[in-house]
Structures are given as structure tokens and as C-alpha cells.
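Guided by the hints, dock chain B onto chain A, whose structure is given.
Spelled out, the chains give:
2 protein chains.
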Amino acid sequence: MEKMKRSPASICRNFWKLGRDDPRRAIHSIKVGVSLTLVSLLYLLNPLFKGVGENVIWAVMTVVVVLEFTAGATLCKGLNRGLGTLFAGSLAFLFKFIATESGKVFCAVFIGASVFLIGSISTYLRFFPNVKKNYDYGVVIFLLTFNLITISSYRVDDVLKLARERLYTMAIGSGVCILMSLFIFPIWSGEDLHNFSVSKIEGLAKSIAACVDEYFSDGEPDAGIDKSMEDPIYENYKAVLDSKSTDETLALHASWEPRHSWHCNPFPWQQYVKLGAILRHFGYTVVALHGCLQTEIQTPKSVRLLFKDPCTRLATEVSKALMELADSIRNRRQCSPEILSDHLHQALQDLDTALKSQPRLFLGPNGPNNTANMLALVAETTRPKPEKHLSSVKTESSALFDWRSKRVSKQSMEAEGRFLRPTLSKLAITSLEFSEALPFAAFAALLVEAVAKLDLVIEEVEALGRIACFKEFQVGDDVI
Amino acid sequence: MEKMKRSPASICRNFWKLGRDDPRRAIHSIKVGVSLTLVSLLYLLNPLFKGVGENVIWAVMTVVVVLEFTAGATLCKGLNRGLGTLFAGSLAFLFKFIATESGKVFCAVFIGASVFLIGSISTYLRFFPNVKKNYDYGVVIFLLTFNLITISSYRVDDVLKLARERLYTMAIGSGVCILMSLFIFPIWSGEDLHNFSVSKIEGLAKSIAACVDEYFSDGEPDAGIDKSMEDPIYENYKAVLDSKSTDETLALHASWEPRHSWHCNPFPWQQYVKLGAILRHFGYTVVALHGCLQTEIQTPKSVRLLFKDPCTRLATEVSKALMELADSIRNRRQCSPEILSDHLHQALQDLDTALKSQPRLFLGPNGPNNTANMLALVAETTRPKPEKHLSSVKTESSALFDWRSKRVSKQSMEAEGRFLRPTLSKLAITSLEFSEALPFAAFAALLVEAVAKLDLVIEEVEALGRIACFKEFQVGDDVI
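Residue numbers (our numbering), protein chains in the order written: chain A, 1 to 480; chain B, 481 to 960.
Extracted from the complex, chain A is given alone in its bound form (with noise of 0.2 Å):
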């Protein structure tokens, strides 16, 4: 199968699609080539040659190493080099002076020694998860130009000749990298977090609309969790889940670029870092969301019909709130501080009276039996003794007990036939008549956390706005 993916038509057909997707990819494609051949020049033009000779090669390797797709990846992995043979080559050459005073045989050792002790600890200092996360490029290259010093200059007498022109030959190569990055069809981290942003917050607010629309459907939802890899539901939140990663990585890419299109203060990647583990949370309580959709036990449609108007209204409030934050941010604006709360309020309030309107939800099928069952019971209740109700409950919970685990053995011994394992917890869930109201009342409950996240993405955004210096809202700029 994965071979005959691989016809030549498809390979081409991707290879463009890839670049249409987003023409950054070739834009940096080009600008790499492009560095290259600039560099290259060094070595095949005579009188460039020349200045620099044999060490073009350091030129090469740098712009091959740094140059990456943004320009703060490029400028973190850029100076991360700088600095680690900036620091290599001190120590190198304070090593080096103590070696030289000795003999031979003592500098051979005191070098051993010490490409031993420093490898060692370099290596050991990129555990340190801060060091990991910021500079551990950098330690690399430390270790590599500290090793390439040291052990030269065992048997090279000018090292620092030869290092200075190497240092001549980098530096000309991270000038090309920078030159291309920051000032040739710049590619910024910082609009990457911000887009991404938005479109997570779409992902979420499309989500969170399309489960209430499938619950109130009129189709049957397949369950299992395979299915819901291709689901469309699932695409759109999927993105937020594990978006940890990314975030930090462009936001640390981002905090190394100088602050380009923006009026005010430093790129606040922090703030976006934050809100992302907002919408992580708020992306948790959709998965919740979507998992009712997918459960063994459902509430009978006609039951979910009945709540079917203040649920959607709701979502849709949601979902139209999260569109208006993603669209404050995507143009750079505060968002509406009335638009958010006034229907969802009123929404929330409607779910709530029809929610307080059906008491009877919370009962068994809907025998004429039951319902006596319930009415007793509620004519006990309603007797001022909460301290009977315990009692009472477990009379109750005992006699429904004994019809219930015959059926259930009952259920058990003709699933025997079908799987291996008869007890296996599936199936005791789906013989199980849990009460039919309850995964709606989960539903419902998860709508509302939903609600009580929405507060916190606003506050989020809100405070991206100030800090970000986006500008005022103002009224035309509702545009939903």
C-alpha cells in the first residue's frame, strides 16, 4: 500500500501541494540556495579567494547550520554558535597557555585531562532542563570548537592564527544567515504563535459547535475511539491538544527576534504561551464534550430532543464568542466587551430553566411502573427527615438491585457466546441501564464548564490586547 502511494505523479503532486500550502517553505527553499551560492562565491571568485582561502568551508557550514526557517530560529541557533565558540575558544586558549609552560609529555596529559573533564561536564550540564531548552545548541558547539582548539594545538603552533581566520569565515557566514533572515522575505516566529493562535481558537470554537450538532442529529454516532482519528470534530481540536510543544518553541524563537511590524512594547510571546495553555484546558473539556458523543450509554434521542434548542444556542453563543476573540486577535484589535456575554448569558439562563423544567430525567425507562416507583419515592421524600432518606435509599437501591443483577446475569450469559471475556467492562456498562438522563446531564454540565473556560480564554485575550498594545475596539469593527 505504501509503495503504490509512492507513483511518481504522487511524489510530484505533493511536492507542490507542499509549497502551496504555505509558499514560505519554497520562499525559504530559495533563500537557503541563494545563501549558498553567495557563499560559495568566497571560494570560486579568485580574488575573494584570496581573503579568506581554504577556510570558506566554516562559511559553508555555518549558513547550512543556522539558517532555519524563521528568523528567530535563526538568530537563537545563530548566537547560541557565537557564543559557544566565543566561550570555547577563551578557555581553549587559557588551557593552552598553562600546557605550553610544561613539557611534552605533560601537555599531552594536561590536554587528555581536560577533553575528558570538559566533555564530561558540558554533556552533563545539557540535563539541566533550562540549559536544554535554551542553549543547548549552544553547549554543543562549545564542546566541538573547545575539543577542535584544544587537541590542534598540540601539534599546530599558530592556533590563533588559524582560529582567528576561522572566526573571519563564520562570522561572514552568520552574516549571510542573518542578511537573509531578517531583512529577505523575513519569516517571523512571532506571526507564527499569533496565527497559530487564531487558528486554535477557531479549531475550538468550530469543534465545540459541530459536537452539539452531531449530538441533537438525527443520525445514530458510531462509538469507538478509532473513528474518531478521522472525525472531523477531532481535526479541528486536535491542533490545541498537543500544541504545548510548538508553543514554547516559537514563543523561544519568537522572544530572539527584534519586534518588527509591531508599535509597542517587545513581542509578548509569554501572554501567547499562556493562552495557549488556556485553550489546552479549554480543548480538554471539548474532547470531554466530544467523548459524550461517542459513550456506550445514551441518553434516547427524544430525551436529548427536548433540550435540543437552549444546547445549540449555547454552543453557538460559544462558538461565536471564540470567533470574535480569534478575529480580535487575527486583525490586532481589543475585542468586544458587550458582544461576549449578553446572548450567552441568556442562553446559559435558558438551558438552565429547561433543565429545572423536566425533573422527571433523572428516572429509569419510562414504564407507567417506574413513574409510581418515582412518585413513592418523592412521596417520601417530600416528609421533612433528611435523616430517613438514607435508609430509605438503600430499601430501595436493594429491591432494584435484585431485578437489576438478574437481568445483567441474564445479558452476561447471552454475550458469552460473542467475546472471550463475558465479565469485561464494556459490556457490564452496556447491560447496565444507567439512568437515561445522566450522559445528558454530563453533556449539559461540560457545556457549561465550557462556558466557565470561555471566561478564562476571554480574560487571556483580554490581556494579550493590553500588553500587545492592539488597538481599540471600536464599533464597526464587529463584523460578526
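Simulated from the structure, these hints should not be mistaken for laboratory data. Watch out, some of these pointers could steer you wrong.
[As the list claims (entries may be wrong)] The calculated DMTMM-like cross-link candidates involving lysine to aspartate or glutamate, where the alpha carbons are at most 20 Å apart (straight line), are:
{"hint": "1", "chain 1": "A", "residue 1": "Lys133", "chain 2": "B", "residue 2": "Asp830"}
{"hint": "2", "chain 1": "B", "residue 1": "Lys613", "chain 2": "A", "residue 2": "Asp21"}
{"hint": "3", "chain 1": "B", "residue 1": "Lys612", "chain 2": "A", "residue 2": "Asp327"}
{"hint": "4", "chain 1": "B", "residue 1": "Lys612", "chain 2": "A", "residue 2": "Asp242"}
{"hint": "5", "chain 1": "B", "residue 1": "Lys613", "chain 2": "A", "residue 2": "Glu248"}
{"hint": "6", "chain 1": "A", "residue 1": "Lys274", "chain 2": "A", "residue 2": "Asp327"}
Okay, now just chain B, sitting in the frame of chain A:
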């Protein structure tokens, strides 16, 4: 504050703690130091130096760059490097063959063009998700080597000799890396993946038990998401939520490792990734459960206490089952087919019975007024006229609505002094008194949902047991 924490004593403590937490870190650091020293001996010892010459720096570079923490990562990087170098070498010599046929000017133009083309194309290739995941480093090395050889070939005549010598020293460096990572205190990604899976399952087991305990505990749970960041419950499940990239990296590296302590098939890394995905989905349910502890609207303690026993039992059973699964993976034995479901089934049934015995839960505050209200509604619903339900709901809800909206407006007036946005949804939620049972119903439904997800986890662990040829379950194995 940050500066305060960075006293020399605390740095030393951190330094020591890092190694104590995972002694393999110290071992790896020493391994890197030893490898570098071994390679530098090539340069320091006269007889060896005569054999390899100046090019020993390529061996040093290989060791610094390729020797990674785990054997799988080292092999992955080493093979990438090897393949990249090989392809680049072949291509560069092909190009050199074409270029040398013609004049010096054409040769320079040809080299420049090929540097541009190969640079652009291979950078573009790195955007393919499949290439990015498996061969990113290989492509970088390919680009680097191709450029070095192609550019050098313009002025150095015997590039072949140069390339061969470099290849030798790189082979020496790679040999040292393979020796160190595979044979001397090897650190396996597969082991890490295995242990990570165990710890994730244990974390989920702990947090689900802790969630239920806290839900029924006497202390008032605090609301708000900030607190959850240092919450022990959160601590236990947070590793699961963001485990996707770790899982995939470990699995990728494990896929390069030769089988070691295992008796049968190659390491079933794909199954671990699958298990990880299922565990993440289980984790989302735990997050939603945890969310029930932190919402604004809460079922009163008195009502919750009615269900304490069945819920706690169910959670204990789920937690026990997860612990047994973790234990079975840790000891590489198949999990017990019996223990998982008998008690769990019983606990589910008890919860079902308890829920059935409390039909009054969907009511509002327990005043006599409300109960009368409900009785009226019940009387109405007992009549077999399903078409009339909706209209009766409407009237009832509109009556309640008047009363409620009066109340809400009063509350929001009170709140106006404290908050800038009186219509904020958080206020709206707390001012609406949702049916008391709603939050609890959600909690119970999520608990049942967790049982359903547990089933999927059990399936995956059983599949893992089969694929990885874990030893058969024996009665004595069962320690829980």
C-alpha cells in the same frame, strides 16, 4: 527572585540532584568524556597521528555530534550521518566528473548552479513530514558534505584522497560512538519508553483515585485554574497529556535499536505509541473529572455524600485495575484476565443502583415549594401525551424565567461594584442555580466514561502483552 535562587550552594545541590534522579545522566556524561579522550589520543600519540593525520578533527566532530543519550538516538543519528555523507559524496563526484570535462569558467558556473539547486531542493525536502521526522539530520549532513566536496573540488585536485581520509576518521568516530552506546552501560530508548508507559499508567491511577477522594472530602475545594498547576492530581496526569512528542521520539529511536533483553520479536514500539494515544484519551477524561472539582457550580455536600461509597469504590477499582496493568507491564507479564472486571462490574452496578434510587436529584433547592412544583410536573408527565411535553415545558420555564431573571438582575447589580463587566459569564454561571444534581451527574458520567476508556486501555495492554511476548499470567503473580 530568579537571581536569589542561583546561589552557588543551590547550583551544587541542583547539580547533584540531577545525577541522583537519574544516574544514567552521569554515566552518559562520563561516556562522552571517555570517547572524546579516546579520539583525541589519535592526535596526541605519535604513531597513531602518523596514520590519520590532521583529519582527526572529523572524528572529534563525529563523536561530539553523534553520541546521544540513548543507543537508539545514537544509531539513528549515526546512520543518518553515514547515509547523508555517502549520498552527498556520490552526487558530488558525479557533478565533479561533469564539471571537469569543460573549462574553468563553465566549471565555476556549474558548481554555483549545482550548489544553489541542491541547496534549495534538499531544504525543501526537509518540509515533508516524513523526511522531517526520520531523516532531517541526514539531509543536513548531505547538504553540508555535498557543498564541502563540490566547492573544494574547484581548487583541490585530489578531492578523492581528501574525502577518503575524512571518511576513515569519521568511521573511527562512529565506531567509538557505537562501541560506547551499544556495549558500555548501554541506555536503551526502548527501556525508557517501557518505563514511561508504566509511570503514565500509574500517574493516571493515582490521579483518578485522588480526584474522587477530593470530591467527597470534607475540605472545600478551591476553584480556579491557577491552583491546578501545583495540584498533586495535576502533577500525576500532566505527563500523560503532553506525552505525544516524547512517545514518538522514544519510539522512533527505539525502532533503530537492535533487540536486546527481549526473547522474541523486535521491540513493539508501535504498540507503545498506540497505548500512549489511548492513555492520553483516558487522561482527557481525568482532566474533565478534575474539572468537576474546580467548577463554579457544585452539588451540595449533603447530596454528594449519598453517592460517596459507590463512587469511591468504583474509582478504587479503576485505580486498582490501572495499577495492575502498570504492574504487569513493569514485570513484563500478561495482565490477569480475571481481577480487572469482577469488582469493577460490582462497583458499577452499585453506582447504578444508587443513582436509580435518587430520582429527586434533578430538582432545584429543596424547599417545599419546589417539591410541590415537581409533583405537579410529575403528574403532568405521567399522562401519556408526549406531544404535550414541550408546551408544558415552555410555560413552566417561562414562569421560572421571570423569577430567575429578577433574581439575576439583582445579583448582577450587587456585583457591579466589584467587577467591571457585570455581564461576565462567570458571574452568570454562579448566579444561575443550575439543578443541584447536574454537576454531580457529570461527575458520575465521567467516572463511568473512565471505566469505558479503561476497557480500551486494557485491550491495548493485552495486545502489547501478546506482541511483546510477555510471559503468561500465573496466579501467584497477582500481588495486588
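Hints versus structure:
1. Between the alpha carbons of lysine 133 of chain A and aspartate 830 of chain B the distance comes to roughly 49 Å, so the proposed pair goes past 20 Å and is violated.
2. The suggested pairing of lysine 613 of chain B with aspartate 21 of chain A holds, with an alpha-carbon distance near 19 Å, which does not exceed 20 Å.
3. Between the alpha carbons of lysine 612 of chain B and aspartate 327 of chain A the distance comes to roughly 32 Å, so the proposed pair goes past 20 Å and is violated.
4. Distance check on the hinted pair: lysine 612 of chain B and aspartate 242 of chain A sit about 18 Å apart at the alpha-carbon level, within 20 Å; holds.
5. Straight-line distance between C-alpha atoms of lysine 613 of chain B and glutamate 248 of chain A comes to about 19 Å, which keeps the hinted pair within the 20 Å bound.
6. Pair hint lysine 274 of chain A plus aspartate 327 of chain A holds up; C-alpha atoms about 19 Å apart against a cutoff of 20 Å.
Violated hints for the displayed structure, listed by number in ascending order: 1 and 3.
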